[in-house]
Every structure is written in C-alpha cells, then in structure tokens.
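K.L.:
Now for the letters of each chain:
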Amino acid sequence: DQQVKQNSPSLSVQEGRISILNCDYTNSMFDYFLWYKKYPAEGPTFLISISSIKDKNEDGRFTVFLNKSAKHLSLHIVPSQPGDSAVYFCAAGDWGAQKLVFGQGTRLTINP
Amino acid sequence: EAGVVQSPRYKIIEKKQPVAFWCNPISGHNTLYWYRQNLGQGPELLIRYENEEAVDDSQLPKDRFSAERLKGVDSTLKIQPAELGDSAVYLCASSKPPGELFFGEGSRLTVL
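Chains as they are written, first to last, in this note's numbering: chain C, 1 to 112; chain P, 1001 to 1112.
Everything labelled a hint here was simulated from the structure, so no lab data went into it. Watch out, some of these pointers could steer you wrong.
To be verified - Here are a few chain P residues that face chain C, going by a calculated C-beta distance under 8 Å: (1) Trp1022; (2) Gly1028; (3) Thr1031; (4) Gly1042; (5) Pro1043; (6) Ala1054; (7) Asp1056; (8) Leu1084; (9) Leu1091; (10) Ser1095; (11) Pro1098; (12) Glu1100; (13) Leu1101; (14) Gly1106.
Since this is a predicted model, take the numbers as computed values, not measurements. Glycine included, each C-beta is placed from N, C-alpha and C at the ideal position.
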C-alpha cells in the first residue's frame, strides 16, 4: 500500500529548461506536502512545501503545484541548473500528526 | 545552528551481530524520527518520539529492533541480531512542530 508515488524513477533535462517532477498520493487525509532534495551520501534536505489550503507555492526557481481533486502535486524548477542534479523525494502527511510518508524518489539529471 | 548529527556514518557487520546508531537532534527540537531507506526507495518511518515518549513505533520490527531517547534529547537505535535484509541507510530527523523535518546525513549499514 504505497500512499505516495513518484512514477518516474529518473528524469533528464537540459540546463536552462524547465524540470517538472510529479507525485501522486492516495490518502485524502494528507494536508501537508513537501519536496526534499538528496545528494549522494547526504541526508535529504527540505526544499519547499505546500498546505492543502493552497494550490501553488513559489520559492525562487522552485514552484510546487497541488491538485487536490486529482491527488497530484508537481515540482517545477525554472531554469534548471547543473546543481539541481539530485534525487527528489515527494512527502505527504498529516500536519497535526507530524507524520510524513515519502515517495520512492526521482533522480533528476541536468545536462549542460 | 548545528544540524542533526548521526554516527557512525558507515558500519559493516556480519549477520547475527548487534549494531547501534546514535542521533543528536537539533537543539530545541522535541520531535525525533528514525527512518530507514532501502536502496532505490524513499525513507520509511521506523519510530517517532515526542520528547522521550515513543508515540509511533508501529513500523518498528520489535523482535530485533529497539530504540530509546533518554532525557528527550539524544536517541539510539539498536538492531540485535542483524539480518542481511537490514542493510540500508538509517536516517534520523528532528522537527519543532509544526514544521518540516531536518535530516542527518544517515548511517549506512551493510550486513554481510
């Protein structure tokens, strides 16, 4: 029972273009969604979040979109830079319970 | 502000041996998590502490895994005896609710 799914194990994007990472969830009780970025041999680091009362949140080059009816969220990175090459994890949870469920991750590679 | 500190970073043991991992959370963070990340997968929650109380240990294999958080600060995760399938990265995270989780660099366990 995988409550959070990232169906694309990998994504390759040219430098300067837009990267779009997708995530689907099944639990309608989830009200808080986050994206984490992970470099090799490091722990995941927080990137951006969104609560269920919003449908968009921006932070510099990073924007997260939430479609509650479709139980889908996406992360847009514009423009993509070589340093963005990493594994990106989507996470969802119950804000009050402070419990997060993670997706399997998508490996993003930015090509020069 | 110091981040979440974990040790050891790497551990190689033979099956049936015991192993322990230590975590020091960010100062002031009263919620502490242990996650396990298998190769190619997202982190999966093992146990969550609120101060010194384990409030969610439903995913902890209690026959061989144990954890403690003395005085509501540092935490130790123990596996005894280790099995081949326990090879993974063990991640500690802390948070100051409500808010995102901050992860340590992880402890990579290899069981031979």
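K.L.:
None of the hints should be skipped; say for each whether it holds.
P.N.:
Each hint, compared with the structure:
Restraint check, Trp1022(P) versus chain C: the minimum CB separation of about 15 Å is more than 8 Å; hint violated. A hinted interface residue such as Gly1028(P) counts as satisfied when its beta carbon comes closer than 8 Å to some beta carbon of chain C; here the least separation is about 15 Å, so the hint is violated. Given hint, Thr1031(P) at the interface with chain C, holds; its Cβ is 6 Å from that chain's nearest Cβ, closer than 8 Å. For Gly1042(P), the interface hint holds, the least distance from its beta-carbon to any beta-carbon of chain C being 3 Å, beneath 8 Å.
This hint holds: Pro1043(P) has a C-beta 5 Å from the nearest C-beta of chain C, less than the 8 Å allowed. The closest approach between the C-beta of Ala1054(P) and any C-beta of chain C is roughly 13 Å, which is over the 8 Å cut-off, so the hint fails. A hinted interface residue such as Asp1056(P) counts as satisfied when its beta carbon comes closer than 8 Å to some beta carbon of chain C; here the least separation is about 6 Å, so the hint holds. Interface restraint check for Leu1084(P): the shortest CB-CB distance to chain C comes to about 22 Å, outside 8 Å, so the restraint is violated.
Because the closest C-beta pair between Leu1091(P) and chain C is about 6 Å apart, less than 8 Å, the hint holds. A distance limit of 8 Å between C-beta atoms decides the matter here; for Ser1095(P) the minimum to chain C is near 6 Å, and the interface restraint holds. Hint on Pro1098(P) holds. Least Cβ distance to chain C is approximately 6 Å, under the 8 Å limit. For Glu1100(P), the shortest C-beta to C-beta distance to chain C is roughly 4 Å, which falls under 8 Å, so the interface hint holds.
Given hint, Leu1101(P) at the interface with chain C, holds; its Cβ is 6 Å from that chain's nearest Cβ, closer than 8 Å. A least Cβ separation of about 5 Å between Gly1106(P) and chain C falls short of the 8 Å threshold, and the interface hint therefore holds.
Comparing the model with each earlier hint shows violations of hints 1, 2, 6 and 8; every other hint is respected.
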